[in-house]
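Enquirer: Listed below, chain by chain, are the residues.
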Amino acid sequence: MLKIEFETPPLGELLVTPPVQPDAMAHSRPFVAKPEHQQGLGFPGELVDNWQDVALEKMDELLGKYRSLPVFLDSCVKCGACTDKCHYYLGTGDPKNMPVARQDLLRKVYRRYFTLAGKWFPRLVGAVELSEDVINDWYSYYHQCSECRRCSVYCPFGIDTAEITMAGREILASIGVGQKYSNEIIGKVHIIGNNLGLPEPALANTLEGLEEEVEEDINVPVKFPLDQHGAEVLLVTPSADFFAEPHVDGLIGYAKVFHQAGISWTLSSYASEAANFGIFIGNYENMQKVAQRIRQAAIDLGVKRIVVGECGHAWRVAYSFWNTLIGPFDFLDPAYPAPQHICEFTYDLLQGGALKLDTEANDDKVVTFHDSCNVSRGSRLGNVPGGQFTIPRELIRSACSHFVDMAPETIHEHTFCCGGGGGLLTDDLIELRVKGALPRAQALQQVIEQHGVTHMAAICAICKSQFSKVLPYYGMEMDMIISVHQLIGDALVFDSEH
Amino acid sequence: MVLGSVFAILFYLAAIILVTGVAARVTRYARTPAPLVIPTTPAPLTRTGVAARMAREVVFFESLFKGSKWTWLFGWLFHFGMLVALARHLRYFTEPVWWWVAMIQWIGIYAGMAMFAGLTGLWARRLLVDRVRYISAPSDHLMLLLLLAIAGSGLVMKYVQHTDIVSLKAFTLGLLTLDWQPLPADGALLVHLSLVITLILIFPFSKLLHAPGVFFSPTRNMRDTPRENRHVAPWARDLPGAGPDRS
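Residue numbers (the numbering used here), protein chains in the order written: chain L, 5 to 502; chain G, 13 to 259.
It should be emphasised that the hints constitute simulated quantities derived from the structure, not laboratory data.
In this text, all values refer to a predicted model and were calculated from it rather than measured experimentally.
Glycine included, each C-beta is placed from N, C-alpha and C at the ideal position.
Treat the hints with caution; some may be incorrect.
Claimed, not checked - Derived contacts from chain G toward chain L, CB cut-off under 10 Å, selection only:
| id | residue |
| --- | --- |
| 1 | 76 |
| 2 | 84 |
| 3 | 137 |
| 4 | 143 |
| 5 | 149 |
| 6 | 151 |
| 7 | 224 |
| 8 | 228 |
Okay, chain L solo, but in the shape it has when bound:
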């Protein structure tokens, strides 16, 4: 039984930068992937004998494949603008959780082997040999980054530590030291089709149960179709939506919207997962392979549109990468964006007058919105830049009368990660997750005190799971966190009621 002892940081004032506390989180390391988790993804099962050579070869390869790497590794001037921006630094004070210091873990090796200055004057420029200590630091601190890109907003050169973390993780996996949580999950998607390893009969059963539950609840025959050939829309959504709280209420919300709009839709048992942990481990091939299932399902089911459920990193992969990885989507109806986010879908219906919402259903709530990092800084919703901020808020405002935003330095592009993104949503990292949630918890506490906020809505499965788990550490209710489409679903007025 896993037992990790640590102290939850006091909430304190919003965004106070802690002093540097070296090695405060040096002990934090997730479980290492077992050989079977590694091999299914094309990585060696365990640490290879000539790991130094393999790691440097891999680094060389990645430097030639991703422009971000040489540019970011060369360009940093150590100005320090990013040093107080990472939620993991703010929550732990460990200096290696400052974005620049996290990059330096890779940069100092890059300089030693790939630059003249580091080859000739290693001490002067802080270059070091690739040693076992370095690998240990990589494993520890590249799993203390949620790839949320907050640091990249403030960097004068746009250096995105997520790119460095992804490279670090890919090098680690390629020498045989992958992370269990992410790699095991990717393996399940490759074999079964979703993160949970939920097979088709179990999924069908779950969906039937939901149909009964909803009909009993509101007396409307809302369907949850599976593998329905010829449906208009294929919905891919994070598999947590099928059973986890509060996610499932979001799924019920989507189903109600489809029902009321009269648009036929289906889930796929072959591609029953929107999440794509390939992005977390920085591996193009695995990310492509996971995404490929969805393209295949869309073709097999003959749908005209693909809609993606509430999931942050999945939306980044879908919106920003799918067309490149598995496009073109020339077999879909060109009248709609491919892919389309469920929030875009619902928003368009609302704009077109196809849905009627009654805010009274949510009058018991004062709602705030948590911008998810991947949606905010790695993608877009709608037609104009920043639609990822306005559309979810418009949706919430249409569904409830009491909405307030959290402090401006913690929302929109400045939003904080929930603390569990980027492949860190695992119990072996619970200390990191709790501490990393500190900035968001502070901002939430502020609106609770000032505005009596009762609920925080989100459009990301990881955010929802993470907050349900960590908010209680800060003395808040786990069920404060809800899906945006739960608010929509509850407020939706069905024709039958007229």
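Knowing the structure of chain L, use the given hints to seat chain G on it.
Expert: Showing chain G alone in chain L's frame:
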């Protein structure tokens, strides 16, 4: 004349290393694909928008302004002080001196002071803020020292130890026309020029590469149009997952 020849050779050498070194890095950046669309969003949808974003970044240090007001202030003072001070130096390389170069001579002095002040502020942060101190390697301190010494020795020539700028101009014009001239043997001038040569020499091998680097930063120079445009890197075209006929 020996001094003039030594410095002439050093300047040519430094110039060659600067140009070839930076060209090599820039070529590397340009040839390496960005295989995925990764602008930090919200991002512009058009090329014009990207150019505007880049211009705001390079001229106003927009992101740094969001990140740290003090670093922004000192950094901006330093960079634009240096830019104007450099422009002021064009009078040593033009004959007759361009009208606008003549016009900015008086501002150039204040620019030199602004540069010095900005660098001092940046170094103070590096020494006093525990986070910035932690991330500083010896080279980060030395770089500031070098730039401060360049600005300082320049100001010394203006206010303390004047140099023979007529001979100096003969020397600099001689550099351009490959007609080497003697260099005045003034302490401050020789220090100033030696440090400038050092700076030029280390440019392609140091963090000074941020100057060309920023233009190649994919989080800043990409359009946010991934649903409209595919962005397949050459190395990704042949992957098994790419499927048939989808290059």
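Enquirer: Work down the list of hints and note, for each, if the structure agrees.
Expert: How the hints compare with the structure:
no., hint, verdict
1, 76, "holds, 4 Å"
2, 84, "holds, 8 Å"
3, 137, "holds, 7 Å"
4, 143, "holds, 4 Å"
5, 149, "holds, 3 Å"
6, 151, "holds, 5 Å"
7, 224, "holds, 9 Å"
8, 228, "holds, 5 Å"
In summary, the structure agrees with every hint in the numbered list given earlier.
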